[in-house]
Amino acid sequence: MKGSIKFVFLAWWASLLSVSAFSQGRVGIPYQMHRLANGLTVILHEDHTIPMVAVDVWYHVGSGYEKQGRTGFAHLFEHIMFEGSGNVAEGDFDNLLEQVGGSNNGSTTTDRTNYYETLPSNALDVALFLESDRMGYLLDAMSPGKVDGQRDVVKNERRQSYENRPYGLAFEAVVQNLFPTHHPYHWPTIGYMDDLTAASYEDVVEFFKKYYVPNNAVLVIAGDIDPAATLQRVKYWFDEIPSGQAVLRPVAPNYILEAPKYLTLEDNVQLPRLYMVYPSPAFFAPGDAELDVVANVLTGGKTSRLYKKLVYEMGIAQSVSAYQSSQALGSMFMIVITARPGHTLKEVAEVVDAELAALAQEPPTERELQRVVNQREANFLAESQSLLGKAEALQNYYYYTGNPDWANEDLGRYKALSPKDISTACRSFLTEKNRLLLSVVPKGKTTLAIKGE
Amino acid sequence: MATAARVEAQKAARGTYPSPGPVRPLTLPKIQEFRLGNGLPVYLVEKRDLPIVQMTFVFNAGSIYDPAALPGLAAMAADLLDEGAGDKNALAFSEEIDFLGISLGAVAGRDRLSLSLFSPSARLEQALPLLGDMLLRPRFDTGELERKRTEGLVRIKQSYDEARIIASTAFNQVVFGKDHPYARPANGTEASLKSIQPADLHNFHNTFIHPANGFLVIAGDMDRAQAERTLGTLLRDWKAGALKPFVVPDPPQTRGFQIFLIDKPGAAQSELRFGHPGLPRNTPDFFPVQVMNTILGASFTSRLNTNIREVHGYAYGASSSFNMPKGKGAFLGASAVQSDATDKAVAEFVKEFNAIRTVEEQEAEKARNYLALGFPGEFESIESIAAQVADVLFFNLPENYLNAYIGEVLKVGKGDIERVAKAYIEPKNMVLVVVGDQAKIEPGLRALKLGKINYLKVEDVLGPLPK
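Quick note, the sequences are listed as chains D and H, same order. Mind the numbering: the first sequence is residues 322 to 774 in our numbering, read in order. Mind the numbering: the second sequence is residues 367 to 833 in our numbering, read in order.
Just to be clear, a hint being listed does not mean it is correct.
Said to hold, decoys possible - Taking lysine-lysine and the DSS-like style, the derived pairs with C-alpha atoms no more than 30 Å apart in a straight line are:
| no. | chain 1 | residue 1 | chain 2 | residue 2 |
| --- | --- | --- | --- | --- |
| 1 | H | K780 | H | K806 |
| 2 | D | K630 | H | K692 |
| 3 | H | K692 | H | K777 |
| 4 | H | K523 | D | K623 |
| 5 | H | K544 | D | K530 |
| 6 | H | K377 | D | K766 |
| 7 | H | K692 | D | K764 |
As the list claims (entries may be wrong) - Not everything, but these chain D residues come out facing chain H in the computed CB check (under 7 Å):
| no. | residue |
| --- | --- |
| 8 | H369 |
| 9 | M373 |
| 10 | V447 |
| 11 | N477 |
| 12 | N485 |
| 13 | Q553 |
| 14 | Y557 |
| 15 | T768 |
Worth flagging that the hints you see were computed from the coordinates, not collected in a lab. This one's a predicted model, so the numbers in the text were calculated from it and none came from an experiment. Virtual Cβ for every residue (Gly too), placed ideally from N, Cα, C.
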């Protein structure tokens with residue numbers, strides 16, 4: 322426990338530029354935006370806290386852009402992007418990055434696919450080379466063998482998160498039943514085993530040509546950079562890639578359920594769990610912020626409405642959580658309750674319904690609302706430490722609002738709400754007709770489930 | 367007049383991979399050391415670019431000190447420290463934390479208990495009294511203990527569903543022995559959860575949570591004067607007790623290759639855990655072992671991940687680690703593989719445990735670089751800076767450890783790597799825990815002829831299923 326630590330003294334923080342605007346209560350991430358002739362959008366943010374840089378590419382394609390029969394394809398394609406390109410041998414994408422002290426990953430959602438590296442700033446060129454090479458020349462290195470290989474990996478990824486996990490198949494059942502058959506969100510992003518098996522090499526080629534074009538991509542670089550020099554390097558590596566056809570985003574009509582849906586799944590679980598899911602307004606649309614607040618009022622902390630009632634006072638639930646899962650074409654508001662042994666899902670649902678009714682009638686307190694604002698502000702500060710966090714924030718705001726530096730407006734959505742707005746949102750969106758109830762019960766215990774009358 | 371020639375965009379040179387420029391130096395922050403009036407050692411790293419503060423208190427406390435009859439005491443105490451303190455009952459205390467948007471909580475591991483506060487500077491004045499109450503005046507109200515008791519029992523019940531938890535728990539038991547401090551159930555058993563009383567918790571608090579049994583690391587928007595002033599007042603009445611000595615015996619040697627098979631009928635994947643006793647954190651071979659393990663199983667391009675995932679597609683990932691607590695920990699190789707490839711995956715793992723005794727110069731360089739050049743990333747956030755400093759202090763690492771890290775890693779050579787691979791990975795004296803569909807996978811495992819197969823039930827590992 323004793324021991325002093327000696328360091329080279331440097332007033333290291335004093336030399337830092339203001340890395341994120343947080344003055345007079347305004348939050349933000351300063352940036353520069355450029356567009357190359359081929360349509361690639363480039364966003365740069367300077368931060369010299371550590372000699373590192375985050376390079377983050379969003380392609381505006383996700384599982385919501387897929388076709389029936391080829392579900393899981395956007396995610397499978399994401400895997401293939403790491404297997405080499407025209408000038409990068411298979412395996413060298415990761416080899417090269419590790420060699421320079423970098424780490425990387427990617428992810429796919431319904432709306433977009435991201436690819437990112439965090440690495441020492443002296444190696445920025447390496448990341449730009451790798452990202453431009455797979456954007457421009459992936460097909461030169463593509464083969465049916467590579468597609469087969471990643472297909473097996475993805476199937477195991479699916480097994481690990483879905484088939485071999487308690488309650489693992491719930492999410493897929495929810496989206497299948499909540500969204501209509503031809504809705505872009507009707508299937509899980511990971512896709513189905515049969516569709517993964519059917520995905521062919523030709524599918525990969527078609528997908529790449531359609532979606533992986535510079536005019537459908539945004540490159541964000543955040544960290545220890547000189548913006549002018551960095552832009553030159555970006556042009557050097559990316560200018561040569563030809564643009565493709567414009568990409569249309571999928572559309573889906575707003576819809577509501579006319580009557581509640583009931584579903585039961587049996588699983589290898591000890592405790593029954595209820596998913597109450599409501600179709601809700603899209604990301605940043607009116608109602609989205611309100612429902613974030615509703616979720617916090619319901620399950621944000623020990624004194625929240627549902628936690629306090631179900632877990633703390635009555636002890637009939639082991640856990641409860643509510644969240645507004647925001648997406649481009651429409652969101653899902655979910656309340657998930659795991660009941661304790663000896664209690665049915667009907668019991669917990671009654672309590673939830675009573676609390677929702679109360680919130681629909683009687684607005685929350687100013688303090689409950691302010692809690693959400695305070696937490697969001699604190700969260701913004703915490704995320705501002707992370708180069709990748711800031712890059713992702715710029716990307717996210719740009720995709721969904723057209724403005725990368727939208728943090729202040731985002732926070733403003735919450736600050737502008739009054740308690741009455743929250744009750745109004747409950748009445749508008751969280752009705753007994755407009756929802757799906759999925760019961761996941763231990764094998765043979767279907768009596769614990771909630772069924773329609 | 368000549369017509370303007372059509373100018374083509376100059377194509378980038380892609381014939382050879384680009385090289386990085388010269389490494390930009392990492393300038394590590396100064397650590398200021400002082401003691402509060404109550405004797406608590408404080409280590410402060412100022413970082414003023416963002417208005418946030420992280421305070422991490424570390425105590426010599428954890429499951430290794432749990433009384434034999436009360437496993438889970440440390441975890442329960444840590445969990446209850448923020449369930450009401452000072453004048454505020456659990457609901458009021460929690461409401462204040464949530465309203466401020468701060469993080470404040472405690473968690474107990476095996477060797478240490480950490481109590482952390484993360485707060486915007488603007489909220490610090492309101493956050494500190496909560497921190498002080500938690501440290502000095504936790505309530506341990508019977509009502510909250512009852513709630514946590516029930517929660518803990520249900521959690522044990524739920525762990526029956528989770529193959530990952532069953533596999534990891536069984537692994538610790540068979541490597542260390544069920545009665546070893548590192549294998550005893552850190553979250554308690556049905557019996558112990560039912561026995562814990564408020565007096566046990568108050569006793570725990572008096573014994574472990576005091577200024578002579580720990581230290582504080584602060585990182586962020588605070589200077590020494592402010593720290594001494596605010597914490598000096600806040601923690602003035604905090605009485606020192608005795609320093610808890612660390613006593614954990616070495617685990618027994620593993621003899622032979624032994625398989626422990628736990629049936630999970632219908633499982634789509636088998637959870638695999640290979641290993642044997644390993645090293646303590648202060649091993650003089652820390653750097654060569656880190657580099658060697660990176661090559662074997664701690665990076666995407668590691669041999670295990672490449673083999674099991676990329677080449678064979680048996681799993682989403684495979685990894686290895688030397689878990690290094692204060693005492694001797696364990697070497698672990700792990701993966702979740704598709705059921706019908708269990709035997710093949712096991713064979714590949716064993717192959718890699720043997721093959722790591724020889725490495726290529728290129729692999730060594732890549733692994734060194736990955737660790738050394740990526741090191742600055744550990745200093746991005748105040749949470750991470752505080753954690754780095756806390757580790758150096760807790761494990762009594764050399765004074766200049768953080769300054770020397772990069773150099774020490776880059777010094778590790780092919781010879782060092784091969785030496786530690788031979789010394790610290792023993793494929794012939796290893797356990798393998800498998801949680802999977804026994805009917806499907808047993809014949810294949812048997813045919814490998816690796817060693818005796820022992821059969822365990824989930825109840826043997828997790829105890830009887832709580833009602």
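Against the structure, the hints come out as follows:
Taking the CA atoms of H/K780 and H/K806, the gap is near 41 Å; set against the 30 Å cutoff, the hint is violated. Of the supplied pair hints, the one linking D/K630 and H/K692 is violated, its CA atoms being roughly 42 Å apart against a limit of 30 Å. A distance of roughly 25 Å separates the Cα atoms of H/K692 and H/K777; the hinted pair therefore holds under the 30 Å criterion. The hinted pair formed by H/K523 and D/K623 meets the criterion: a straight-line CA distance of about 23 Å does not exceed 30 Å.
The straight-line distance between the Cα atoms of H/K544 and D/K530 is roughly 58 Å, outside the 30 Å bound, and the hint therefore fails. Pair hint H/K377 plus D/K766 does not hold up; C-alpha atoms about 65 Å apart against a cutoff of 30 Å. A distance of roughly 43 Å separates the Cα atoms of H/K692 and D/K764; the hinted pair therefore is violated under the 30 Å criterion. Of the supplied interface hints, the one on D/H369 is violated, with its beta-carbon coming no nearer than about 10 Å to a beta-carbon of chain H, more than 7 Å.
For D/M373, the interface hint holds, the least distance from its beta-carbon to any beta-carbon of chain H being 5 Å, beneath 7 Å. Taking 7 Å as the C-beta contact cut-off toward chain H, the hint placing D/V447 at the interface holds, the least distance being around 5 Å. Against a cut-off of 7 Å between C-beta atoms, the interface hint on D/N477 holds, since the closest Cβ of chain H lies about 5 Å away. Taken as an interface hint, D/N485 checks out: its beta carbon lies about 4 Å from the nearest beta carbon of chain H, inside 7 Å.
With its C-beta approaching chain H no nearer than about 12 Å, D/Q553 sits outside the 7 Å limit, and its interface hint is violated. Because the beta carbon of D/Y557 sits about 6 Å from the nearest beta carbon in chain H, less than 7 Å, this interface hint is met. A least Cβ separation of about 19 Å between D/T768 and chain H goes past the 7 Å threshold, and the interface hint is therefore violated.
Checked against the numbered hints above, the structure breaks hints 1, 2, 5, 6, 7, 8, 13, 15 and satisfies the rest.
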